[in-house]
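Engineer: First to last, the protein sequences are chains A, B and C. For the first sequence, position 14 (counting from the first letter as 1) is numbered 13 according to numbering that gives the first Met the number 0, and the numbering increases by one without interruption. For the second sequence, position 100 (counting from the first letter as 1) is numbered 99 according to numbering that gives the first Met the number 0, and the numbering increases by one without interruption. For the third sequence, position 426 (counting from the first letter as 1) is numbered 425 according to numbering that gives the first Met the number 0, and the numbering increases by one without interruption.
Treat the hints as calculated values from the structure; they're not laboratory data. It should be emphasised that the depicted structure is a prediction, and the values quoted were computed from it without experimental measurement. Incorrect hints may appear among the rest.
As the list claims (entries may be wrong) - If you want a taste of the chain C side facing chain B, the calculated C-beta under 8 Å gives, among others:
| no. | residue |
| --- | --- |
| 1 | K244 |
| 2 | M369 |
| 3 | V372 |
As the list claims (entries may be wrong) - Here are some of the chain C residues that sit facing chain B, going by a computed Cβ distance under 8 Å:
| no. | residue |
| --- | --- |
| 4 | A325 |
| 5 | R329 |
| 6 | G332 |
| 7 | R343 |
| 8 | G344 |
| 9 | L346 |
| 10 | L357 |
| 11 | G358 |
What the hints assert, rightly or not - Per label pair, the in silico range of CB-to-CB distance:
| no. | chain 1 | residue 1 | chain 2 | residue 2 | range |
| --- | --- | --- | --- | --- | --- |
| 12 | B | K96 | C | P305 | 42 to 48 Å |
| 13 | B | L10 | A | R84 | 20 to 26 Å |
| 14 | B | W205 | C | P322 | 38 to 44 Å |
| 15 | C | A363 | A | L286 | 43 to 49 Å |
| 16 | C | K113 | B | I11 | 41 to 47 Å |
| 17 | C | R89 | A | I283 | 36 to 42 Å |
| 18 | B | F26 | C | R155 | 51 to 57 Å |
| 19 | B | R239 | A | L286 | 21 to 27 Å |
C-beta: ideal position from N, C-alpha, C; glycine also.
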Amino acid sequence: MRSILTLSLVFSTIRLATPLVWAAIGGLYSERSGVVNIALEGLMLAGAFTAAAVTFYTHSPWAGLGGAMGAAALMASVLAVACIRFKANEVVAGTGINILFLGLPAVLSGALFLSSGSTPQIPKEDLLPTLAQLVPIASQWRILSDVSVMSLLALLVVVLTSYVLYRTPFGLRLRSVGENPEAADAAGVRVNRIRYVSVALSGVLAGVGGAYLSIGQSSLFTRNMTAGRGFIALAALIFGKWRPVQTMLACLLFGFADALTIQMQGVAKLPSGEDVPVQFIQMIPYLVTIVVLAGFIGQSRAPGALGVPYDKES
Amino acid sequence: MTFLRELLFPLIAVLCAFLVGAIVVLFIGDSPVETYRLLLGSAFSWPDGIGYTLFFATPLIFTGLAVAVALRGGLLNIGAEGQLYVAAFATAWVGIKLASFPAVLLVPLCCVAAIAAGAVWGAIPGLLKARFGSHEVINTIMLNFIAVALVGYLTQYHYRIPGDPIMESAPIGNAAHIARLGRFVPGLPERIPLNFAFLLALLASWLVYVLLWKTKWGYEIRATGQNPAAAEYGGVSIRRQVVLTMAISGALAGMVGINEVLGYRYRYYDGFSDNYGFTGIAVALLGRNHPLGVIVAALLFAVLQRGGVPVDAFTQLVSKDIVLILQALVILFVAAEAMFRRSGRRWQGAGGSSGQATAPGKI
Amino acid sequence: MTLELRGITKRFGAVLANDHLDITIPSGTIHAIVGENGAGKSTAMRIAYGFYTADSGDILVDGQVREIRAPRDAIALGIGMVHQHFMLVRPMTVTENIVLGAEPGSAVSLDLRKAAASIRALSEEFKLAVDPDATIENLSVGQQQRVELLKALYRRAGLLILDEPTAVLTPQEVDEFFGILRRMRDQGKTVIIITHKLSEVLAISDDVTVMRDGRVVGNVKTSDTTAAQLARLMVGREVLLRVEKPPARPGPIVLSVKDLSIGGHDGARRLEQVSFDVRGGEIVGVAGVEGNGQTELIEALAGLLPESRVSGSISFSGRDIRPLDARHRREAGIAHVPEDRHRRGLLLEFSLAENVILGVHYRAPAVRGMGAVLLNRPGIQQRVDLVIREFDVRPPDPSLPARALSGGNQQKLIIGREFELPPILLLISQPTRGVDIGAIEFIHRKIVAMRDAGCAVLLVSAELEEVTALADRLLVMHNGHIAGEVDPARATHEQIGMLMTGGHAPSGVEGHS
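Throw the hints in and build the complete structure from the sequences for me.
Structural biologist: This is the structure in C-alpha cells:
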C-alpha cells in the first residue's frame, strides 16, 4: 500500500477533480437559482466534443475552449427554454440532453472525421497548457508541470463564485430567485431572466469541464468519455450543500477516490495474491457517490424553490 | 376530446423531432429524405422487416413499461439499463446451473430469476430514497455503471468458456430455450429471433394496465405519484410505496433478459443492450405512461432501430446514432408539452395528466 | 397618491375573476375592499401591482393612465404591496430581504451596511421595530409583517396595498397594526386593505368598496354603514352571521390526550405537554393564531407524524392508539379534514370518484373480488353519488377531476368523504378557509349535525368568529401549550386574544372542563 500513497496521488487528485469542479460550480449557479440541472453530463460531453473538434481544426486550445463554452451554453439555453418557457420537467428535459449527447457527437464526428465516435488525435502542442508551460522559468517545480492551467482557473472560479454569490446584487437576486421566486418577483427582480442567465452560465462552466477532459487531460474525444462525471459533479454539489468552497472540497474527495482507483489497478492484491479484478476497482467512484448521497442528503439544505418552475398566473 | 388531444401531443412531438433531426442531417451534408426513407422503409417488409421490428420492440416494451410504471408512481427510473443487465445475467446463470432440469420447470425458473433480479436491482435505489431521501435519478445511474461492471466481472472470471475471445457466458441448457415464433407462424423463418417473449411483453402490458387502473395497488401507486402528501393522508406508506414501485419497475425491465437470453442468444452476451434502458424513457414519455401508448411508441422506436442498420450502411455520412438523436429530441419535445397547451394548465411534468415525475426534488 | 381601476377585466381560463371593475381610491385614506373568498379583490390588487396583467381596462395613478406589467413598474410608480402570504426569503436576513431588487452600492459590490443604516432610520420613523441582521426564519409573524411594510416604505411607496393583513395576528397585534396604519395615513400615504373581516373594516377604514363575483357592488363611507349591510352586499342576500346551534349533549369520553409533546425538525418543541379530552356529542374548538402547534396536534392525532417526534399518550375509546398508523386510525373511526386541502386532502388530477375513496380505497366497498384487490366500480359509483348528493357538491359529475371544482365544493367533497365513514371522532382543521359564504353555512350546519349524531369533534380554526360560534368548549393555544380553556358563549374576543398571546384571561370566563 505504501507505494500507492505518493505525491503523485495528490496531483492525480487535483487533475481528476478539475473537471468535476468546473461542472459542479456550473451546476451551482443553475441550482441556486432554482433550476435543477441534470444535464451536466450532456453539457460536458458537448464541451468535450466541440473543444476537440475545434482544436483539431484551428490548432489552438483557446479556440477549442471558446467553442466548448459556446456550444455548451447553447445547449444549456435549450434546456433553459424547455424548462422555463415551456415548463418542462427539469429532470426529464435534462435526461433528454444527456441522451442527445450520447448520439450527436458520434454522428457529427462520423460526418467530419469519418470515424465511429472519436475525434482524431490532437498533437501535444495544441492541448491546454500546464502551469509550467505558461510560466516557463519555474519548470523545476513539479506542481507546475503536472498541473494544468485549468486547475488553477478552477480554483479562481470557485473564489470568484463565492464573491459573486454573497457580495454582489446579482448574487443576492440569484439566491432569492432560488429560494422564493414569488418574493423575488414581488420585489421587482426579473426571475426568469436570472434563471436563463444562470442556466447558460452552468453550460459555459460545464463545457469548460468537458473541454478539459478532451484537450487538457487527454488528446481526443471518445464516445461517452465523461463516464458519469456530470452526475458525480451533481452529487458533489449536494454534498457541498450548494456552497462554492464546500462543493470544491467535495469534488476533491471524489477526485481522490478516482485517483486511488487508478493507482490501485494492477497494484492492489487480494489476500490470495491475485490482482483485484479491474471491474471492482472501476465500481469504486460510483459506490462512493451512492454512499455520499445517502449519508448527506438529509443534512443538506437545498435552495427552497429548486425544481419548481415559476408560474405566477396559476 | 381529451383523448384526441392526448393523441395529438405525442404526434406533434414526433414530427418536431423528425424535423430537427432532418436539420441535423442536412447540416452534416447528407439528404434527410434519403435518410428517413432508409430509416423508416426497411421496417415493413415481410418477413424480415416486420419480424425484426417486432423483435426489437420487445425489449422496448419492457423498459417502456418499467419507466411508465415508475413515472406513474412519481419516480424517474433511469436504471432500466442496469436492471436488465443484472436480470439477463441471472437468467443465464439459472439456465446454466440448472441445465439438467426439464423445460417445464426450467423456463419458468429462468423467467422468475430475471424478474426477481430486476426487481432487486430496482428496489435498491427505492430503498435508498425511502430510507435516506437520496434521489433515484443519480442512484440508478450509478447502479447502471455498477451493474455493468459487476456482470462483466462475473462473465469474465467465472462464466466464460475458457478460450472464447468473446465476452459471453457459456450457453444455457437446451431445456431453457424459448421457442421462436417462426415455428408457429407460416412464412416466418426461425432464423428471425422474434420469440414468445414478444407475447409475454403484450401480456405484461395488459397486466400493467390492470394493475394501475383496476387494482388498489395501482391506485396507491398513482396516488403517490400524483400527490404523496395526500396519499400519506389516505393511509399509504410512502416509503413502502417507493420501494414497491421501483421493484415492479425493475422487474419489468428485467424481463428484457427473457427475450435476450432465453429467446435469442441462449447465453449471456456482454453489452447486448442497445441502449434499451434509455430508449425506454423515450418510449414511456411518448406513450404517455400508458401501456397502449408504450406499445405504439416501442414499435415506432423499433422501426427506427431497424432502420438504423441500412442508414449506417447505405448513407455516406449518417451513422445509426441518428436514432439516439431522434429519441433525445422526442424526449425534449414531449417534456416541453406546455408548448402545445393553450389553456394554461397548471400541472406540468412528464406526460402531464397521465403521470408526472416527482417534483424533481432536491438534486 | 390616488389609484383608479377603470373597466378592469381578467379571466383565468373559465373563471371571470374581474368583470369590468371600476374602483377609485382617494388619496390619503384607509380604504377597505371587502368581498367573500373568490370575489376577485386579490386579483384586482395584484393587477394594480403588476403581478397579473388585465385582459382589458386601465390603471390610473394620480389621474394618469399607466402601464403596469410587472411589480417593477408598480414599485417605480410608488405602489407597494404586502401579500397575504409573506413574500420573504426565509434563510436571508431582514436587510437582504428589504433591499432585494433595490440594492445600494454598485453592480459589483453590495453595500449592506449602508442598507442596514437606512433601515434603522425608517424603523425609527414609522415605529416598526425590527433587527436588520436577524434571519427571517427566526422572526415572529408580527415581526415578519413589519419587514414587509418596511420593504414597501424603503422604496418610498406612496400607496400601500395590504392583502388580508390581520389573518395571522392576535387581537392585540391587530390593534398595534391599526395604529401603524393610522400613522401612515396621517403621514399622507394611501392605504388599501383587502379583507373579509367586517369588524375590522368598521374599526379602521375610511371608505369601503364591496366586491362580489368580480364586480363592484357597493362603495360607501365606513361611518355610514353597518356589518349587516356590508354582509348583505357581499353575498347578495340576508346572511346568518351566527349558526343556529342547539345545546350539546356530551356523552362518554372518546379522545383523551395526556402530556402530548411534539418535537420539530430543528429540535424545538412544537407542542408541550398538552392534555385534554373530547367527548362524543360535543365540539371542542381550538383557537389560536396559526403556527402555535395546532397543525402538529392534528397531524399527530391523525397518525401523520413520525412516531419519533411524538411523546405522551393518545387514547381513543379507551385504547392507546399511538401504535396505530394513519390507515388503522381511520379504520378505528377517526376522520380527518385537513387544513390544506390541496396538499393533503385531494388528488387534484384524479376524478371525484377516485378522490372519494381516498383513505378507504383498499377495503370494501371500494374493492371486491379475488383477495379484495380489484377496484369495485359500482361500489365506488354508489359512494360518490351519495356524497355528491348529500353534500351538495357541484358540478355533480363524478368523472370530473377534482381540480375543476371551486374551493368550496372541493371542501364539501372532502367533508362528505370523511363524514360518511362514519366517524366516531372528527378532526377538522380550518374547515372554511377559502370557501364562499354559501358553502360555509352548509359546512357549519353539517358539523353541528355530526355532533348531534353523537360524534366527537375537535375543531381547529384560526377564524375566531367561526370557532367561537361552533365550539361547545374552547381551548386556546399559544406557543405549543394550551393557554387556557374558555366558555365560547361568554368569553369576549379580547379575552381570548389575551390567551392567544400568552396572557391570562380574567376569572369568570374559564369554562368548566
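Engineer: Under the criterion of a CB-CB separation shorter than 8 Å, is V372(C) in contact with chain B as hinted?
Structural biologist: Holds, about 5 Å.
Engineer: For the hint on G358(C), just tell me whether its beta-carbon gets within less than 8 Å of chain B.
Structural biologist: Status holds, d = 4 Å.
Engineer: Honestly, do R239(B) and L286(A) meet the 21 to 27 Å range at C-beta?
Structural biologist: holds (26 Å)
Engineer: Does the interface hint hold: is G344(C) within less than 8 Å of chain B, judged Cβ to Cβ?
Structural biologist: It holds, given that the least Cβ distance between G344(C) and chain B is near 7 Å, below 8 Å.
Engineer: Can K244(C) be said to touch chain B, with a Cβ gap under 8 Å?
Structural biologist: violated (29 Å)
Engineer: Using the C-beta atoms of F26(B) and R155(C), is the stated range 51 to 57 Å upheld?
Structural biologist: Because 54 Å falls inside the window, the suggested range holds.
Engineer: The hint names R329(C) as touching chain B; please verify it with the least Cβ-Cβ distance against 8 Å.
Structural biologist: holds (6 Å)
Engineer: Can we keep the M369(C) interface hint, with Cβ of chain B closer than 8 Å?
Structural biologist: Nearest chain B Cβ about 10 Å off; hint violated.
Engineer: Does the interface hint hold: is L346(C) within less than 8 Å of chain B, judged Cβ to Cβ?
Structural biologist: holds (5 Å)
Engineer: Taking the Cβ atom of W205(B) and the Cβ atom of P322(C), is their distance within the range 38 to 44 Å?
Structural biologist: About 40 Å separates the Cβ atoms of W205(B) and P322(C), which means 38 to 44 Å holds.
Engineer: Does the Cβ distance between L10(B) and R84(A) fall inside 20 to 26 Å?
Structural biologist: holds (22 Å)
Engineer: Regarding the hint that L357(C) lies at the interface with chain B, is the smallest CB-CB distance below 8 Å?
Structural biologist: Result: holds, 4 Å to nearest chain B Cβ.
In the structure shown, a violation is registered for the earlier hints numbered 1, 2, 6 and 16, in ascending order.
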